[in-house]
Amino acid sequence: MKPLMNAAQIDKALNNISDQILANLLAESADISKLALVGIRRRGEILASRLSDRLSPQLKFKPPVGALDITLYRDDAMRAPLTIPLGTEMNFRLDDRPVILVDDVLFTGRSVRAALDAMVDFGRPQFIRLAVLFDRMGREYPIAADFVGERVNVDRHSVIVVELKPMDALDRVVIKPNAKKERATS
Amino acid sequence: MTLAQQHWTRPHLLTLEQLSVQEITALLDTAQALKEVSTRSIKKVPALRGKVVVNLFFEDSTRTRTSFRLAAQRLSADVVDFAVSTSSVSKGETLADTARNIEAMGVDAIVIRHRSSGTPEVLSRQVSCSVINAGDGAHEHPTQGLLDVFTIQESLRKTGRKISDIHAAIVGDIIHSRVARSNLWALTKLGAKVTLVGPSTMCPKSMEKLGVSVSHDLDAVLPHVDVVNMLRVQFERLTSAAFPSVREYHHFFGLTAARLARCKPDVLVLHPGPMNRGLEISSAVADGPKSAILRQVSNGLAVRMAVLYLCVGAAATQNAE
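If you read the protein sequences in the order shown, they are chains R and B. The first sequence begins at 1 in the working numbering and counts up one residue at a time. The second sequence begins at 187 in the working numbering and counts up one residue at a time.
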């Protein structure tokens, strides 16, 4: 099965996103020295960390990366199957910072809604922008990404799986068709 | 497969004896994830928003009840403390009637403490909400067992060891202690070696049937253990002369600075509280660097949040299906 994105395409997409973030921050005249990235666990956390690495040469510092667990904020948290929370790791306050929220796949928008709720508990950011590797369309909530790696309209019963090192063996985005009763994760 | 695929299905937490290793691990992992919430400036998550938790305590307890109350509040649940002494229970109402009446008010979890072993189990068969055992007679105190193991695990992490690598001593009035039983189950299931220590009147050899060793000589055991859990002498449960005098008990089974000096250098001292200072534990030890007693209290909050989240969540998901 041919992946929707291979390692080289993911790499290119992240470079592209990081360029867009820089351009956007300059255009917004944001306080770049306070930039922070927040990744939704677990693949969003890896992507946020990679973006921080890419941004640091131009910024002359490494933006801090937070890992957000949205389990306790989900609108389906009390539906089967009950998931074990992973824990949030946020070693800095978000007050007055420009913040880039990062996730792997944007689908219904429900994860992002939960993430926004969770982030508010860590302070009041100057603004929050959303970066996603893969936008598969199919929004159920009024949410849009500001920075997108790849945008493809995928049949809503298919599952998009993003695999990233070191959590997975290699970097790729694949589609698994016709999964029954899939649980929307993005 | 991975951590994210772990699931919890039990609506009640009645004993640790009935839990699998996977379930205990799921509880401890959840507690680890939830511990961070208490470090935030906004110490609250919306996971149990709109849920109601009732504290139904038939025995005195300040810290456990407060800990459950705070845990429920940090998950955004509403909490009601049911004061048994001023309630209809003192007018002769049966436990089942009391529980069903409370449930009829739309309650999602009952946290119960009772002097009779097995009461939470009986209750769980009579109501459809979650039942959490906060201590039943001399049977079990599951959240205390979990928080003790959580605290041990946390301190072992620094040295890269696991619960299965350690030898723990539980010292004192074992026979009357639900804390000892819950600790014993959690520790042995996770692979630790356990030795129960106490006078023969409080720590009979027959306990060896539970897969642990029994000793009546604290000084012989101390140099070999990684954890010492000092139980409280429960004067309120001692009916006859279980030991000749308080001084003698302290002499043979009190953890003093001199005894601590003969322990391994990285030994961890636990006590479930409230302490009888100068009896089972001396102040120098209780307040010293080896003591994890206050960490146990902080961790108790995370463990109780985990228990409430998982049990109320499991009950809600099962009712939704």
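Derived from the structure by calculation, the hints contain no laboratory data. There's no promise every hint is true.
Reference listing, derived: stretches of chain R covered by chain B, where coverage requires no fewer than 3 residues with Cβ under 8 Å from a Cβ of chain B [to be verified]:
(1) 66-79
(2) 83-92
Computed far set for chain R versus chain B, every beta-carbon distance over 10 Å [claimed, not checked]:
(3) Ser29
(4) Ala30
(5) Arg110
(6) Gln126
(7) Leu170
(8) Arg172
Chain R is nowhere near these chain B residues, computed Cβ spacing over 12 Å in every case [claimed, not checked]:
(9) Trp194
(10) Thr211
(11) Lys229
(12) Ser303
Beta carbons are placed, not taken as given, at the ideal position from N, Cα and C, and that holds for glycine.
Outcome of the hint check:
| no. | hint | in the structure |
| --- | --- | --- |
| 1 | 66-79 | holds (count 7) |
| 2 | 83-92 | holds (count 7) |
| 3 | Ser29 | holds (29 Å) |
| 4 | Ala30 | holds (24 Å) |
| 5 | Arg110 | holds (14 Å) |
| 6 | Gln126 | holds (18 Å) |
| 7 | Leu170 | holds (17 Å) |
| 8 | Arg172 | holds (17 Å) |
| 9 | Trp194 | violated (5 Å) |
| 10 | Thr211 | violated (9 Å) |
| 11 | Lys229 | violated (9 Å) |
| 12 | Ser303 | holds (29 Å) |
When the structure is compared with the earlier hints, violations turn up for hints 9, 10 and 11 and for no others.
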